Structures are given as structure tokens and as C-alpha cells.
Amino acid sequence: MRLSRSLAPVTVALALVLSLPYDALPHARVSDGKPPAPSRFGAACRTAVRGSRVVAYCHNPYVDIDRVRLHIECARWWDIDTDSAPVDAGPALTVRLTGRCWKEVRTVWVSHQKAR
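Read in order, the letters of the sequence shown are residues -24 to -1, 1 to 92 in mature numbering (1 follows the signal peptide of the UniProt record, and there is no 0).
The set of hints was computed from the structure by calculation and includes no laboratory data.
Being a predicted model, the structure only gives us computed values, none of them experimental.
Virtual Cβ for every residue (Gly too), placed ideally from N, Cα, C.
One or more hints might be untrue.
[As the list claims (entries may be wrong)] Computed beta-carbon distance windows for the label pairs:
id : residue 1 : residue 2 : range
1  : PRO14     : ALA68     : 16 to 26 Å
2  : ASP59     : GLY27     : 52 to 62 Å
3  : PRO14     : ARG82     : 27 to 37 Å
4  : GLN89     : GLU49     : 14 to 24 Å
5  : SER87     : ALA(-12)  : 45 to 55 Å
6  : HIS88     : LYS10     : 23 to 33 Å
7  : PRO11     : ALA(-17)  : 44 to 54 Å
8  : ASP40     : VAL(-15)  : 42 to 52 Å
9  : ARG16     : ARG72     : 18 to 28 Å
Modelling step: build the complete structure from the supplied sequences, incorporating the hints.
The following block contains the structure:
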């Protein structure tokens, strides 16, 4: 009788584990040796500086929405650097971002953020 009492919890635990779906069970992942595919995200942006004015065109060829911002660093110490408001570049859309300095432009770049 003692043998059956000690096997009862083990039998119940085994029955519960076997009744779980395959995705719920812990199992090892087998890798095929290839690196994971790169994520397809990010708009391609072109910037142009004409004097103190900056314009950027960003085209998003992918499905995920890319939230882009234009950042401008001005050359003069007293000139205020600017960051544009974020603009959502949806799938297959081109957006235009603009900004300016009072005098010369030192650096321009566009930042990307995945919109959720």
C-alpha cells in the first residue's frame, strides 16, 4: 500500500505535464547555424543644406511605421540647435522635414524610432 501512495503524486504530475500543449513545455531550440535575419525597418533619408535652411526627405519602404526626427546643430555658439517634432513615416510614404539655423549649419542627422 505504501508503494501506491508514493507513486500517486508522481503519476498525477506526469499526467499534468503530458496534458500540456507543446508550446507550453520547455524545450531546447535548435539553431541552423545561420545568423537571424535582419529586421526590415527604417526609412531611407536624404538631407540637403542650403545656406541656413535644412530639408530632409525620408521614404519608408517597409511595413512598420518609422517615427523620424530632424536634428540640426548650428555652427555659431549663440545659435540654438533644433530638433523637429516626430513625424510618422508610414508604409510606402515619403515625409518632408525642415528646419534652420540663423547662420551656418554645422551638422544634420535624422533619428529613427519604431512606432508602436
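Unsatisfied constraints (hint numbers, rising): 2
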